[in-house]
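J.: These are the residues of each chain, in order.
Number of protein chains: 2
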Amino acid sequence: MTTLLKNGKVVNVFINTLQEANVLLDDSGTILGVGDYQEADTIVDCAGKILSPAFIDGHIHIESTMMTPLELAKVCMVHGTSAIVADPHEIANVAGLNGIRYMLEASEFLPMKVYFTLPSCVPATPLDESGATLLARDLEPFYSNSRVLGLAEVMNYPGVLRGEPKVLEKISSALAHGKVVNGHAPLLRGKDLDAYLSKGINDDHECSTFPEAKERIEKGQWVMIREGTSAHNLEGLIGLFEEPYCYRCLLVTDDKHPKDLLENGHIDAIIRKAVRLGEDPIIGIRMASLQAAQCFGLKGVGAIAPGYQGDILVLNSLEDVDVKDVYLHGRLVVKDKQALPFFARRENEWSRRALMDTIHIEKTRPEDFLVPKRPLPARIIDIIPGELLTNVLLQPLDFSKGNGIDVKNDILKVAVVERHRKTGHVGVGFIHGIGLKRGAIASSCSHDSHNVVAIGTSERDIAFAVNCVKKMGGGFIAVDSGHVLAELPLPLGGLLSEEKAEVLASQNEAVRKASQVLGAPKTIEPFMLMAFMSLSVIPHLKITTLGLVDVDRQALVPLYVED
Amino acid sequence: MTTLLKNGKVVNVFINTLQEANVLLDDSGTILGVGDYQEADTIVDCAGKILSPAFIDGHIHIESTMMTPLELAKVCMVHGTSAIVADPHEIANVAGLNGIRYMLEASEFLPMKVYFTLPSCVPATPLDESGATLLARDLEPFYSNSRVLGLAEVMNYPGVLRGEPKVLEKISSALAHGKVVNGHAPLLRGKDLDAYLSKGINDDHECSTFPEAKERIEKGQWVMIREGTSAHNLEGLIGLFEEPYCYRCLLVTDDKHPKDLLENGHIDAIIRKAVRLGEDPIIGIRMASLQAAQCFGLKGVGAIAPGYQGDILVLNSLEDVDVKDVYLHGRLVVKDKQALPFFARRENEWSRRALMDTIHIEKTRPEDFLVPKRPLPARIIDIIPGELLTNVLLQPLDFSKGNGIDVKNDILKVAVVERHRKTGHVGVGFIHGIGLKRGAIASSCSHDSHNVVAIGTSERDIAFAVNCVKKMGGGFIAVDSGHVLAELPLPLGGLLSEEKAEVLASQNEAVRKASQVLGAPKTIEPFMLMAFMSLSVIPHLKITTLGLVDVDRQALVPLYVED
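Protein sequence lines, in the order shown, are assigned to chains R and Y. Read in the numbering used here, the first sequence has 1498 at position 375, and its numbers run on one by one without any break. Read in the numbering used here, the second sequence has 1595 at position 472, and its numbers run on one by one without any break.
Worth flagging that the hints you see were computed from the coordinates, not collected in a lab. This structure is a prediction, so every number in the text was calculated from the model and none was measured. Just so it is clear, CB atoms sit at the ideal spot from N, CA and C, and this is done for glycine as well. Keep in mind that the hints are not guaranteed to be accurate.
Stated by the list, open to error - Partial pick of chain Y residues on the chain R-facing surface, computed with a CB cut under 8 Å:
id, residue
1, Ile1154
2, Val1157
3, Arg1260
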């Protein structure tokens, strides 16, 4: 069965122009012709419309959307996404190979193609306790899957520079399989960058300035311009839209939250923003299609041309990248901005069940969160507004009203409870800048090991919140004096929900609102901030199940500063 | 062990500029850094020199050079070639899978990397008798070899357009293995081109005009700009050096003769010519390196950048592309224009021996080349000067002085003797335009089936020449009245010599001179012309072991025109 998209203007990414042409598609998946075609089984009038190749997101963590691949596909397709390259780093840190297997199975046979790069850093750091350890030999069998395109963001660049065998083995194994190795080395420059790249690192998505990105391109890397829910690099990298740099870039989101996806879109939103910043939409489209394919060595996708896969968007306007209809693999999958029903094979029930019930903790009691009283300066995590970086606040704790918590001065307790192996390990510290006046919030989503993290105004509230997270099998929760104000259950690995994007977005909104009821200012995202308080690669002070981490020294440090 | 190439200017193919930088190389094969490096085990001063990535020839028939891969590598390396993509079409038409096996083995472990695409047209036509028939299932096992990059020039585009299963199976098998499919469809345009491309054809090397090449690029193909010994397409395609077209082209030779290689060079010669035509050498270098790699999906080669393979040329000058030294895989292989000795594993003796003794014919006698006398107009092959196209001369034969040969009017006899299966099949016809006044020439190199072809002034000379070719196991020969004037033995499959390029070039010169002694004008290359007289895809009249071929009708036709 053939479809003819007639009378539209076609974005030709090989010569960066719009061409008047009809496009003949075959529902077996291929574009049959671009030109003066008049006949087909179905003829669609596209007069006044733009036909664009569909978009590929070169780097995203599905877990950041909290959606299953199926639900994510429904949302992304509406925004013109034909493929994503996902890094299952989070679920692998919780469930190891079972996490990767689930992702592969749950994303098979979707109209939106889900490719993977394999997580390179499980665990992310020895200063934390993750649910799994993956070595090169664990990852190796997955390279035979054609949807596995390589090794994901090699964050451990110090390890690469030091020549650590475990990291290098993962890199060389990926290369030996003819796969790509994604980079992740913010601010690395000059000879250190050379040393990192000399191991075969294909690309980077952590560039934030033009000079940094320019150096990457000159040194042969692909630059992934990242514009997600948290990180916004497009504006800083807008110079990359100029020749010759534009030929070595692609567009990625890295992380996207449900509400942001629903309200602002996906890759389309990045191109839209570039247009607002004065750039040519065709260059953006080229980056998001042909060049994303080139970056990963994908053949026969990323363009509207005979023999290429029939992944075509019908846009109402080029400048607004306003997606009306979407054809994937030659078939209409989105009509008038609505995803059409499709048959999706349910993932293997075994692989799904392997991700259920992953919050392995004993019921916690308030006394689990006590700290010794000492008249010494304590290391307090100090939130810097708008950043994931934290400062260290050094001051004695005030034990006059409780166990060191000082709500009036916004010195709250933060705790991280090990949840993978029921070790009973609990890291307890203090945090400034969250603003809760009562109750507590807790979550099973805390980078990168995803233990249960909680911030609260009392040990009782913290214990209750942690126990609630355990009870719902993972998720976000806001509690006050023994009552649940709002919750967002994430039963799959404590990271993913099986709800639709709309439900998730509203649950997310509910817990955010509840945190405001508890006193958090509207200017911060307490759950997102809390999720990054365990990420001991972002300076300066963080906390894991093992205690406080001095990120700069990459060492555990005690609560109190003793001379 | 590291080498530092110091004080040179580096061709950066990512941003199309020259950069002052030192290049640090590791003899394990990789470029470690590009920048302000000062120390290494070996330091080479490259002041005043240009450092360029080495060149890749995206399409060549090794058989056209008549050299073994080993001898060819020695010549090409001196001209800066790091890799070739060879199509063993000719040897496969003689020896089938044994021909492919020999090529793979004889090219293993050379400093110059020899990649292959598998011959798609064995036999080339049903109107001829080749030594083998290769189906998709015969080619399939070779795709697991990492040096096999795809399926070679799909010349049978009429078969593709007609949907012939045997052709389509070969294409889909290559694509299923993630390999590329090379095109070969001169002059195909518009909807026919679309239909051809819709099967997944990656590129074409048969474009001769800019509009034709432009259409290919707009439709997503890579265009291989061909400049070889016989076909010269650079001048006609020089417009492709402009943006955006230049980003979708590479440079290839297709066929190169030993003398041409020695005297004029290889890919370097094409860039040099482009510069003479006013183009930027850096664009030519980019086409010949990074883009050749991209066309075939080769990762980590084709540029001077950290992590890329250490394939670097030291040029005396950019404009002359004057190659002084060559580093391949991080090691010096050419110094001051001289190839350094290298260890090359000899091919398996079995695979070599399988190509020996392939001229399977009974001793021929003059009477084998007689034709019946008829008073009717005969179809005579009429050479068009400077072309491989032939016209049909329709006139009665003059039997007054012999068996239809009329030396005075340059009507000579041409014969093709089946040599693969000793069938005794002999095609006999007449040819105008070769100009021999006495004797005969013969050769085991006749496209595409490579039977023994001879042109002569008498049946006795023809029979002697054919017998001499048989005796030497294949090759070129010029004879006169029972004496050999000159010969060029090609003992491997009747197509390849094991001599060095210099010896081959002088042998080739000797047989050419001898043909002139026999009367051939200096303006033609009689052995090359003769080699194409069996190629029944080039209009209009050709001859095979089965008789005369009307190419336009794709049918065998009798010598005489009967009403």
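J.: Which earlier hints turn out false for this structure, listed by number in ascending order?
T.: Hint check: 3 fails alone, others pass.
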